[in-house]
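Heads up: the protein sequence lines correspond to chains A and B, in order.
Our numbering numbers the first residue of the first sequence as 250 and each following residue consecutively.
Our numbering numbers the first residue of the second sequence as 116 and each following residue consecutively.
Incorrect hints may have been included.
Claimed, not checked - Ranges between beta-carbon positions, derived for each pair: (1) A:334 - B:121: 56 to 64 Å; (2) A:413 - B:151: 36 to 44 Å; (3) B:277 - A:359: 53 to 61 Å; (4) A:334 - B:126: 36 to 44 Å; (5) A:413 - B:248: 17 to 25 Å; (6) A:528 - B:151: 49 to 57 Å.
No lab work stands behind these hints: they were computed from the structure.
All residues carry an ideal CB built from backbone N, CA and C; glycine is no exception.
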Amino acid sequence: MRNFWNFLLIGVSNGLVYALVALGIVLIYRSTRVINFALAAMAMFSTYIAASLVDRNAPYFVAFVAAMVFGFLLGAVTERFVMRPVESKSPLNAVIVAIGMLIFLEAMAGVIWGAKLRNFPSYFSLIGLKIGGTRLAISNFDLFIVTVVVVLLLALLVLFRYTKLGLMMRASAFAPEVARLLGVRVGRMLTLGWGLACAAGAVAGLLAAPKVFLFPNNMDAVLIFGFTAAIIGGLDSPVGALVGGLITGVALSFIGGYLGSDLETVGAFVILVVVLMARPEGIFSSISARRV
Amino acid sequence: MLTVENLSASYGPVRALSEVSLAVERSHITAVLGANGAGKTTLLRTLTGLVPPTSGKASLDGVDFLHRPVEEIARLGVSHVPEGRGVIQELTVEENLRLGAIWKRDIDVQAKMAWVYELFEPLKPRASKPAFTLSGGERQMLAVGRALMAEPKALLLDEPSLGLAPLVVASIMSLLRRLCDEQGLSVLLVEQNARSALSVADDAVVLSLGRVVVSDAAEKIRGDEELRHHYLGF
Chain A
250 MRNFWNFLLI
260 GVSNGLVYAL
270 VALGIVLIYR
280 STRVINFALA
290 AMAMFSTYIA
300 ASLVDRNAPY
310 FVAFVAAMVF
320 GFLLGAVTER
330 FVMRPVESKS
340 PLNAVIVAIG
350 MLIFLEAMAG
360 VIWGAKLRNF
370 PSYFSLIGLK
380 IGGTRLAISN
390 FDLFIVTVVV
400 VLLLALLVLF
410 RYTKLGLMMR
420 ASAFAPEVAR
430 LLGVRVGRML
440 TLGWGLACAA
450 GAVAGLLAAP
460 KVFLFPNNMD
470 AVLIFGFTAA
480 IIGGLDSPVG
490 ALVGGLITGV
500 ALSFIGGYLG
510 SDLETVGAFV
520 ILVVVLMARP
530 EGIFSSISAR
540 RV
Chain B
116 MLTVENLSAS
126 YGPVRALSEV
136 SLAVERSHIT
146 AVLGANGAGK
156 TTLLRTLTGL
166 VPPTSGKASL
176 DGVDFLHRPV
186 EEIARLGVSH
196 VPEGRGVIQE
206 LTVEENLRLG
216 AIWKRDIDVQ
226 AKMAWVYELF
236 EPLKPRASKP
246 AFTLSGGERQ
256 MLAVGRALMA
266 EPKALLLDEP
276 SLGLAPLVVA
286 SIMSLLRRLC
296 DEQGLSVLLV
306 EQNARSALSV
316 ADDAVVLSLG
326 RVVVSDAAEK
336 IRGDEELRHH
346 YLGF
């Protein structure tokens, strides 16, 4: 029984990281209908920035914020100068450009920092907490993950629900042409949306790195789990991303815990296939299924 | 005053507008009539930058705006209520209204919204409901109310009567007349429903295959039986 609770807690902690990745995918998908496969590489690259700063004795939180800012800028620049030119073409073009960006960034990281596995510092202890003499599988760092993700989600909720900027961003995502007719500068909203999405990705990278280590492909598996979470959530709902992340995290934790950790990636694909067969529009999607 | 001179536009090799000229003074409604495919919607979409013009000029109170981006034309004071009403369904009624004036800094949004709710009473109790819960008539009200939020100088309406019951159409038309006079708007009213458009318009132009074939006072067109039969079908 203790195993059960431990797997559950680990699942929630991992699931919140997947939820951030899913959020990064959802924020971009719902405004541009593009799946940003480069998110994994953007998160990894931002994490390397943080690692280099820490190596130069910058405080952890300074490095953390710097990586977020870097992720934001990387996302914004990518939208404006890489994705914008292919936006009006067939959706496949955008997907291929995104995959190209993924390969480019991963190769660049290898050139700059080397392809070797390295440690990434975590400000909080990774050693399991003790409650009444029993050691749990979750640590102070997991509590830090929960705090960061909850704060970030609340901040985004406030932004989208209660600010003018958020209203303009939602309008640009739902109905770009109408938004433009109302004087909203939709192009800027898209750039901003990509920036926010990639900043969320950067945070996911920072939170995942102490557990998965840091190397140029370190976020690829996390992207697959985050993508599964986004699909479960319906691809266009931020709440769906959170719930999808938790479902994916907990399910994979049980699969890894009871069946063996090498089955986790397979498990993610099984979940993906089952969800796509049973409810292709996801659980939280506002749009109904499109027949092609 | 909205002025259009020799405006042309094409979709690829297809000429959709050929040298259209018209002028709408303040507090005037000009109806744009014609059959399906005559170029009515294209005229509005070209004026608001959604379709690139091939040649011609368009200005609002002497300011040339034709080649500016869509959002900048809107900020100049040209409000376009697109066909199918253009209400953003996922947003609430109030969010739709707020969006109408979202770029304006020197405006009391609350007061403006209260004014719109007064104009369109059915909207008020639905303020916090998503727009997809509204009826067709209410959506039209919301679209027009939203366009008015930014205090436009010119209002371009695309088929406001589409799919609405005759009584609702009549009340929207008379409200349009009142608003036009009170706010000093220049209204360009694109309509399939020529009879109800002519009942409120000052002037009318009839388009056929992208060209202006008739341009006259609305009253004259209403009285010209041959013209009505030929182009307007009533």
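Each hint tested on the structure:
Taking the beta carbon of each, residue 334 (chain A) and residue 121 (chain B) are about 33 Å apart, not inside 56 to 64 Å as hinted. Between residue 413 (chain A) and residue 151 (chain B) the C-beta distance comes to about 39 Å, which sits within the given range of 36 to 44 Å. In this structure, residue 277 (chain B) and residue 359 (chain A) meet the distance hint of 53 to 61 Å, their C-beta atoms being roughly 58 Å apart. Taking 36 to 44 Å as the suggested C-beta distance range, the pair residue 334 (chain A) and residue 126 (chain B) does not conform, at roughly 23 Å.
Checked against the given bound of 17 to 25 Å, the beta carbons of residue 413 (chain A) and residue 248 (chain B), roughly 24 Å apart, stay inside it. Range check, residue 528 (chain A) to residue 151 (chain B): Cβ separation about 40 Å, and the 49 to 57 Å hint is violated.
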